[in-house]
Amino acid sequence: MSEPVMRRTQSGHVAGLFRAPAFRVYSPLAKALSLCSVLSVLALAAAPLQAQAATDSAPGYAIESPKAQERLLLDVASLGKRLVAVGDRGHILYSDDNAASWTQAKVPTRQMLTALFFVDDQYGWAVGHDAQILASTDGGATWVKQFEDLEREAPLLDVWFKDRNTGYAVGAYGALLETTDGGANWADVSDRLDNQDGYHLNAIVAVKDSGLFIVGELGGMFRSADWGQTWETLQGPYDGSLFGALGTREAGTLLAYGLRGHLFRSADFGDSWQRIELNTPHNGPLEFGLADGNLLADGSVVVVGHGGTVLKSTDNGRNFSLVNRTDRLSLAGVAAMDNGNLILVGQGGAHVASPTGADLGQQQ
Amino acid sequence: MSKHQQQPATVLERLIFNNRPAVVLLCLLISIFLFYQAAQVRPQTSFEKMIPLGHPYIQKMLEHRNDLSNLGNTVRISVEAVEGDIFSKEYMETLRQINDEVFYIPGVDRSGLKSLWSPSVRWTEVTEEGFAGGEVIPQTYDGSSDSLEDLRSNILKSGQIGRLVANNFKSSIIDVPLLESYPNPEDQSKLIPLDYQQFSHELEEKIREKYQAQNPNVKVHIIGFAKKVGDLIDGLIGVALFFAVAIGITFVLLLWFTHCFKSSLAVVVATLIAVIWQLGLLHTLGFGLDPYSMLVPFLVFAIGISHGVQKINGIAIASSEATDALSAARMAFRQLIIPGLVALLSDAVGFVTLLLIDIGVIRELAIGASMGVAVIILTNLILLPVMISYIGISKKAIKISREEAVKDHPFWRLISNFAHPMVAPISVVVALGALGGGIWYGQNLKIGDLDQGAPELHPDSRYNLDNDFVIRNYSTSSDVLVVMVKTQSEGCSTYQTLSAMDELMWKMENTEGVQSAISMVSVSRQVIKGMNEGNLKWETLSRNQDVLNNSIARADGLYNADCSLAPVLVFLNDHKAETLARAVKVAEGFAKETNKDGLEFILAAGNAGIEAATNEVIAQSETTMLVAVYAAVGIMCLLTFRSIAATLCVMLPLVLTSVLGNALMAYMGIGVKVATLPVIALGVGIGVDYGIYIYSRLETYLRQGLSLQEAYYETLKSTGKAVLFTGVCLAIGVATWIFSAIKFQADMGLMLTFMFLWNMFGAIWLLPALARFLINPEKLRNKA
Chain A
443 MSEPVMRRTQ SGHVAGLFRA PAFRVYSPLA KALSLCSVLS VLALAAAPLQ
493 AQAATDSAPG YAIESPKAQE RLLLDVASLG KRLVAVGDRG HILYSDDNAA
543 SWTQAKVPTR QMLTALFFVD DQYGWAVGHD AQILASTDGG ATWVKQFEDL
593 EREAPLLDVW FKDRNTGYAV GAYGALLETT DGGANWADVS DRLDNQDGYH
643 LNAIVAVKDS GLFIVGELGG MFRSADWGQT WETLQGPYDG SLFGALGTRE
693 AGTLLAYGLR GHLFRSADFG DSWQRIELNT PHNGPLEFGL ADGNLLADGS
743 VVVVGHGGTV LKSTDNGRNF SLVNRTDRLS LAGVAAMDNG NLILVGQGGA
793 HVASPTGADL GQQQ
Chain B
24 MSKHQQQPAT VLERLIFNNR PAVVLLCLLI SIFLFYQAAQ VRPQTSFEKM
74 IPLGHPYIQK MLEHRNDLSN LGNTVRISVE AVEGDIFSKE YMETLRQIND
124 EVFYIPGVDR SGLKSLWSPS VRWTEVTEEG FAGGEVIPQT YDGSSDSLED
174 LRSNILKSGQ IGRLVANNFK SSIIDVPLLE SYPNPEDQSK LIPLDYQQFS
224 HELEEKIREK YQAQNPNVKV HIIGFAKKVG DLIDGLIGVA LFFAVAIGIT
274 FVLLLWFTHC FKSSLAVVVA TLIAVIWQLG LLHTLGFGLD PYSMLVPFLV
324 FAIGISHGVQ KINGIAIASS EATDALSAAR MAFRQLIIPG LVALLSDAVG
374 FVTLLLIDIG VIRELAIGAS MGVAVIILTN LILLPVMISY IGISKKAIKI
424 SREEAVKDHP FWRLISNFAH PMVAPISVVV ALGALGGGIW YGQNLKIGDL
474 DQGAPELHPD SRYNLDNDFV IRNYSTSSDV LVVMVKTQSE GCSTYQTLSA
524 MDELMWKMEN TEGVQSAISM VSVSRQVIKG MNEGNLKWET LSRNQDVLNN
574 SIARADGLYN ADCSLAPVLV FLNDHKAETL ARAVKVAEGF AKETNKDGLE
624 FILAAGNAGI EAATNEVIAQ SETTMLVAVY AAVGIMCLLT FRSIAATLCV
674 MLPLVLTSVL GNALMAYMGI GVKVATLPVI ALGVGIGVDY GIYIYSRLET
724 YLRQGLSLQE AYYETLKSTG KAVLFTGVCL AIGVATWIFS AIKFQADMGL
774 MLTFMFLWNM FGAIWLLPAL ARFLINPEKL RNKA
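Just so you know, the sequences run in chain order A and B.
Sequential numbering of the first sequence, starting at 443, is according to this note's numbering.
Sequential numbering of the second sequence, starting at 24, is according to this note's numbering.
Worth flagging that the hints you see were computed from the coordinates, not collected in a lab.
The model shown is predicted, which means the values in this text are computed figures rather than measured ones.
It is possible that some hints are incorrect.
So the derived label-pair ranges between C-beta atoms look like this [to be verified]:
no., chain 1, residue 1, chain 2, residue 2, range
1, A, 593, B, 214, 52 to 58 Å
2, B, 192, A, 760, 34 to 40 Å
3, A, 539, B, 86, 49 to 55 Å
4, A, 681, B, 192, 34 to 40 Å
5, A, 593, B, 215, 53 to 59 Å
Quick partial rundown of chain A residues pointing at chain B, CB under 8 Å, derived from the structure [to be verified]:
no., residue
6, 507
7, 509
8, 516
9, 530
10, 554
11, 556
12, 592
13, 599
14, 683
15, 685
16, 772
17, 788
Glycine included, C-beta positions come from ideal geometry on N, C-alpha and C.
Put together the whole structure using the sequences plus the hints.
This is the structure:
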């Protein structure tokens, strides 16, 4: 029996076809959406979209499975004692024993969840495909669906909350959603960004004493000094996609990162950028894409990505140590546990690692 | 002496013995014709005959066969670097040469051939401009350490680890898709069907032997259906040698038994004629010899010899009274035709019950064996006595036989104690204990094949070692259950279909014993992620139909031409019956709740699907067949002896043997499968012979007024040696199979040897003990 061929699309003619800008070809919808949002400014001025309740979504709750913890997970958050992770098939897992064991939460969706944000150890939100937004008020044990929009045919990719009431979600084709009532109502405020072509917004983060920052497809950068009301488009240092950004402990300082080992640092809320060189021990410059990062309680910064890449900085992002984990599994999220070890999530689920990202018992 | 001998000659007897030259001539002519036919019999293994064609899984599989063809026939050659890893100039050079050599072997689908050296094996990575990629081994490759380092990083980026390259980088695979038939190089318009045996031999000579000799640092492992079938056919031919061994041993035993060279020769010749007739008829009727029906000539030979021995024994005894060879032969014929016919007919009836099982090879085995038994009636019950009537039995043999008749036999005297009123109850209690123990232990008996790898071959056969190597070093499993997903034309790529497939895959992966599942959904997810710059957050199905359509463009082989059928491949840990049953149950449950609006989940294809169907058929047939074979044999006995008690005496020892046989199978780790299912019917059908021969004699002596033990002693004296000899003969015929290269033949050999020997022992030991309780000698005497 032959094993079916499975790999990513190959180069050649296919590459031309699938180049990121060309991807728009498949999405007249994106154009329609951006057109709609322009119109909505004139007419409705961001009237709250009624949250489409869970009633019209077909499949029910996520299947509870002991294998969920080995499946693709995409984000992880540390709530002090508890870890919460989200991923494929509506899986939300939580652990109260530093990832020794996981419990699968009851989740009203089977769609992939892409990001997670907890504002404190009780209130948190998760976003994902079908533009879903889920919320928990009990530290991640139970979840309710607050928002969903199948018509978009697009995922939300990140979420951030200022407090238990005010928050933002960003996603594909330039989606920016806002709530001021803890998620009871979500409004589409995509038109606050100057993003005519509807490029994906990949991450939204807070920068200390400065405001909010969004990074996205093709190097897109947006910042808001008034925490979400008005947005300014920046000319970034890079044309490739940025998958994540991260504020450090220093005021106005943030990191942005994306394709092929590109990582930039700004100390002035995005006015000027400096590329941070990342070199592997043997193979020259890091070529793996960087996906997500986290500012740990001790002030250090960790960024993870493809090929088992784990970067760590203890000087607010000026210099990084680099580990490529032996299993080379791609990583999508990271958090610190209260014993100092890291919890990494991505392909193959959750992995416990030493504070530098190496396998436990094999310190580098 | 017995009453039978005073009976007047029957019509049949007169017909045969008054026209002896005609009988001989007729047999000669038939033999010439059938020998010509038999010479054309060829070994064959037809896949379809080994599977239950009536089972819905198989019917669905055959119905969609053309749509699944891409999952089919592939041989995988794994080239291992014994020292070091694959990143050496010498290794890569050998790999290239093997790749090129394989390319030119007839039957290889050259366009699909894939190894590290194939231009179609590429690496890709996502860059700012989109995808970048190239051949894993670029045109600039020169074997230098730099280019080997490039090769290493290309392989890492190619996603081929676990597929074309072993997880530990110590071996790599050449994927060789095959064509079931290929154009004749001389005449392109004609197609030659792929000869598996020849193909397998070419792989051995041109690849394994040649390159292992050329580069001692490589080891070649070859797996795939074509290689397995090639090895099976080789094993099949090896079995032919066993036939010669069985003939040799049997002839020596015959000499020892008859003390007469010419009659021994006559028995062997008559029996070989039976074998030739059977093979000739097989070919005339359009059958070939497969690894199962290969058993039939052995059985025919063993059964023929044992009836021949009875005949010689009878003639020798008759010779002490008769004046010449002819009248001795006539007397023996008269005396043995009825028990002989009954025994052979019950053999045949036992075999015919195998027709109840809906598996081609078993049915052919049934037809072949029944035919063989019919042939033995002609050769050994009719031709043999006629032959002996011409050549006679040596004086020495007659003298010994005459002495034996009057002389006391301490051994048989001892054995006759089994009929003793004190011993019989003990025997019955012991038998009941054995029966209980057998039933208890036999509960561990499993359905299906239990060993890893290819169950047809021994676990330590080269094929299975190769298979084990590949499973250990690559991310793959050899046990695949395929669920077919059917939609309207062009419907396979809709979100509804794909998300249902996705859910099935997840359900399956959460089933114990399932390793992983693959379908076009797996490809779609990967491609959508790739289209989104490798971002893991996109590794899922999209609701956008255009995106889905593009994402499956490269999933070739995972859906059919008009996108109406797509397989879900479920890889299992093993093919144990529980594993299969569990996986099938989950898939069926899912299909039941999901099948609607033109979307259908259909079971099943893949080797595991076929085995699941086979197991179901076997589990259902097992009881039916047991009931049928016992009913058939029981009716034969009832008709012959016209006594329920006598029938019980003959049948109960067989029941004990069947039960102990099951316990033995459980102990040896042999499952009930296509190969072992017929064993029970064969064992019972043939095993009943002993009982019939012993009981018919015993009854004769009881009618003459002897006490049970005395009658049993006389029975043993006249026929005991022949019964012993028969058991040994039958056992030898099949015991050679234990050494077969084919695992299931070895299992059959072992089980049949046990059944034949234990049935004989059961008849000698238990029959008289049961007779002590069930038979009333007074009544018999009165009847007489």
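Results for each hint:
Separated by about 54 Å at the C-beta atoms, residue 593/A and residue 214/B satisfy the suggested range of 52 to 58 Å. The given range of 34 to 40 Å is respected by residue 192/B and residue 760/A, whose C-beta atoms sit roughly 37 Å from each other. Between residue 539/A and residue 86/B the beta carbon distance is about 52 Å. The supplied range of 49 to 55 Å therefore holds. At roughly 36 Å, the beta-carbon separation of residue 681/A and residue 192/B lies within the given 34 to 40 Å, and the hint holds.
Distance hint check for residue 593/A and residue 215/B: the Cβ-Cβ separation is about 57 Å, which falls inside the suggested range of 53 to 59 Å. For residue 507/A, the suggested interface contact is upheld, since its CB lies about 5 Å from the closest CB of chain B, less than 8 Å. With its C-beta approaching chain B no nearer than about 6 Å, residue 509/A sits inside the 8 Å limit, and its interface hint holds. The criterion of a C-beta within 8 Å of any C-beta in chain B is met by residue 516/A, whose closest approach is roughly 6 Å, and the hint holds.
At its closest, the beta carbon of residue 530/A sits 7 Å from a beta carbon of chain B; the interface hint therefore holds under the 8 Å criterion. Hint status for residue 554/A relative to chain B: holds, with the closest Cβ pair at about 4 Å, below 8 Å. Because the closest C-beta pair between residue 556/A and chain B is about 4 Å apart, less than 8 Å, the hint holds. Here the hint on residue 592/A is kept, as its CB sits about 6 Å from the closest CB of chain B, short of 8 Å.
Interface restraint check for residue 599/A: the shortest CB-CB distance to chain B comes to about 6 Å, inside 8 Å, so the restraint holds. Interface restraint check: residue 683/A against chain B, minimum CB-CB distance 5 Å, threshold 8 Å, status holds. Annotation: residue 685/A was flagged as interfacial toward chain B, and the flag holds, the nearest CB pair being 6 Å apart, inside 8 Å. For residue 772/A, the suggested interface contact is upheld, since its CB lies about 6 Å from the closest CB of chain B, less than 8 Å.
Checking residue 788/A against chain B by beta carbon gives a least distance of about 6 Å; that is within 8 Å, so the hint holds.
Every hint, counting from the list given before, is met by this structure.
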